[in-house]
Amino acid sequence: MKSSPRKLLGFAVLFFAILVWIFWPTGNSSLNEKARSEFAGSDRAQKRKALTEDAKSRASLNVETPETVPDSSIKLLIEETLASLLISSSAQESAAILQRLRDGIRSSADEAAAVASIVAFLKSGQDAPTKLPFSVGPEGVMEATPTLRTALLDLMPSLDPTAALEVAREIMDQKKSQDEYAMAIRNVAWNDLDGDMKEELETRFQQMLNTSDWRKNPSAGFLEGLDVAVELANEKTFATMAQLNNEALTESNSTLARASLIALDRMVVNDPAILVKAFEDDPELSRLAPDERASLMSRLDITDAAQRKVFLSYLNMPSHGPEELDYFTRIFPNGNFIHGNWLITTTGPSDSIDSRFEADLKVLDEINNLSAGASPGNAAQALLQIRDRLIRVATKTEPKTK
Amino acid sequence: MDSFKKLLAGTTLMIAFACTANAQFLSTPSSNVDASTGVFQTYFITDDFRGSGVVTRDPRLIYSCAHVFYENGRWSTDFYFSRAYNKATRPVAADGIGPRGIHYFTSYSPKADEQNNSDQTFAVDFSIVYGNSNFGTPKGYFRNGGAALTSGNVKQIVGYPAIIFTTGALGGYFQHTTGQFPNAGEQILGNFYEFEGVNSGPGNSGGPVFVQDTASGEELLAGILVSGYRDRIRCGVVAISPAVDVLASKALNSVSVSRSFSNFTKLPLPDKSKKFSKSSVEVSGFSGDVIDLKLSMSVDTKRRGDIDVFLKSPSGRTRWVSKRSGGDAANLKIKNMDLTKTFSGSTASGTWELKIRDAVAGNKATLNGYSLRMKAF
Chain A
1 MKSSPRKLLG FAVLFFAILV WIFWPTGNSS LNEKARSEFA GSDRAQKRKA
51 LTEDAKSRAS LNVETPETVP DSSIKLLIEE TLASLLISSS AQESAAILQR
101 LRDGIRSSAD EAAAVASIVA FLKSGQDAPT KLPFSVGPEG VMEATPTLRT
151 ALLDLMPSLD PTAALEVARE IMDQKKSQDE YAMAIRNVAW NDLDGDMKEE
201 LETRFQQMLN TSDWRKNPSA GFLEGLDVAV ELANEKTFAT MAQLNNEALT
251 ESNSTLARAS LIALDRMVVN DPAILVKAFE DDPELSRLAP DERASLMSRL
301 DITDAAQRKV FLSYLNMPSH GPEELDYFTR IFPNGNFIHG NWLITTTGPS
351 DSIDSRFEAD LKVLDEINNL SAGASPGNAA QALLQIRDRL IRVATKTEPK
401 TK
Chain B
403 MDSFKKLLAG TTLMIAFACT ANAQFLSTPS SNVDASTGVF QTYFITDDFR
453 GSGVVTRDPR LIYSCAHVFY ENGRWSTDFY FSRAYNKATR PVAADGIGPR
503 GIHYFTSYSP KADEQNNSDQ TFAVDFSIVY GNSNFGTPKG YFRNGGAALT
553 SGNVKQIVGY PAIIFTTGAL GGYFQHTTGQ FPNAGEQILG NFYEFEGVNS
603 GPGNSGGPVF VQDTASGEEL LAGILVSGYR DRIRCGVVAI SPAVDVLASK
653 ALNSVSVSRS FSNFTKLPLP DKSKKFSKSS VEVSGFSGDV IDLKLSMSVD
703 TKRRGDIDVF LKSPSGRTRW VSKRSGGDAA NLKIKNMDLT KTFSGSTASG
753 TWELKIRDAV AGNKATLNGY SLRMKAF
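Chains A and B supply the protein sequences, listed in that same order. Anchor point for the first sequence: position 337 equals 337 in our numbering, and the numbering is continuous, going up by one each time. If you want our numbering, it's the position in the second sequence, counting the first as 1, plus 402.
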């Protein structure tokens, strides 16, 4: 077979990468220390040093390696991936390297042995950055991962959920990386069958939220991990997230404020009863800031008696300022929906155009009834504004062309 | 709203009009205005909200970017879409139609709400705006716009830039176009692509990126302009993807299809195995995502509590079916187990795998088979 120059170049690059990997200074030998000092000025040496130190710090990962003998070809593939990522010059190159790893592992003839190789690697504490973001793809499967370790954690459940759970627990106990914690807590959630993991999930989630350094500077993984709240979907978690949102706003932590509000919103869209119960417990919803409170209350369905009662109480509450009520009347009933690729949960319910139209007409009827019996005041004014807006949006209009 | 103040103040770079390295930005004569595109404008707070959009797939749907409609936890309110607007003066509410709502895409990325140029910020920056009204004649589109964006086919970006970066001129409320350019987009992450040699400017967020279809010669929508650089001739585009199509289908309440898929090849399970055995089914005939999924299966065993089973979707999402549960009872028979909560939104077509093992020594077990009853777009 004729070898093309491109193919020869490919072999040369691979050969060079293997040489780099073989002769790269590792461990504690004096030779390695010397080699490391000779490269002390280079970025690569510093990166390598940092990774080695990181590896040492992770060396206590106490996951029991499965009895299955690791697959040597997968072990070699992971090592090659590690070496390639360390010298990768771009995110695109890293993405291609990781794709080869995934393909290789998925096509392994013995997945149990492949899992053993992955566990052994994770146990070693080694890692390499990928220059890629923590990006969740459809169904919570990662589209991009920031490190080799997070990529392997992503793969594990599809090979052996039990082993993935064991590794996840060890990683969460150590709490060394936000992104790894997020992958681990996802793997705990994915292990659920009929609610058997809920208690542990709640404990682990609280442990994540309680880590103040992470809250102050949340990584993408930490923020994606807030999807656990949507999965848990209970009043206690709602209160926790409301508190988190309030603190984030107070501390001008806009990313955490935004992510926590999205989680709260999705919880309420999935189950408005959570908001009704929270309102009954604390009618001021005092943990929430005005805009956030208005945004969540705009999800109420006033054709339901319990939600209508909350709606009226909210409108009649004198403590809400005019700006909050003004924003509320401009979005109620909220027909906007947030979609995304979530770490654990799937997309919640959303309206079709026709069902929204029908719902708007029903809400309009309710608003007309409520307006008829309303005493003059802020609530009556708000009802009128809502009615006018509903009449406008529920009216079909033909476009004008200029 | 604040983002648009920033944009108009010139502190950020959003949206663009595009031009090739050799082309100058042109203001399209009104006689050539594309009737499928228009400008979003709010009337709640003066002049600080502006974006572009295109009527696509259905007269009641407008495709645009996400950052125009939601910022810092607040939804944009009281905005109107003025189709084919082409004047120097700002449109008034009577010129447009007020949409009913927004299907907004996002992620929890720390950069998701930032107004800078970042693949993390803009990778999911897409919205479908919907209404009860007819916004105009819908433009044709590529279901998988990524391939079109990276092709060498002729492209054109249209929209309503407030400022034209290359000249510094104000864009007024005229519809602008880059004119045709052949540049191939570069995939940065997922559905996010960038074009070198295509400039951007504020006010054109959500503008359509049209690509000529090789087969028909027609210009079809392939992506939505979402970002750009003030100091570089480069801009970012989110490609139209099958996921977008699914969302639009949900908004339109399009017809879904129910089908069953099964594998009844008997599979003896090795005793006391760490290794999962696989039984797969090829699911086909769907163009979109799962909206309902039920599993039925049968395993012959003297002890049900020895058996681990989970289902894996084509993308790799997993869900336990049985975790050595049932104790000493014989045989594992499951009928119509509802797995919708886990797999709703999963890509339907592809290889689904049931992975099963007999994890405990002492009893022989055989998977008799299983079936998936699936409803999907």
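Rather than coming from a laboratory, the hints here were simulated on the basis of the structure. Careful, some of the hints might be misleading.
[Unchecked claim] Quick look at which bits of chain A chain B covers, simulated, 3 or more residues with Cβ under 8 Å:
1. 110–116
2. 141–152
3. 186–198
4. 211–221
5. 253–259
6. 284–298
Backbone N, C-alpha and C fix where the C-beta goes; we use that ideal spot for every residue, glycine too.
Structure-based check of all given hints:
no.	hint	in the structure
1	110–116	holds (count 3)
2	141–152	holds (count 3)
3	186–198	holds (count 5)
4	211–221	holds (count 3)
5	253–259	holds (count 5)
6	284–298	holds (count 3)
This entry satisfies every hint, going by the numbered hints stated previously.
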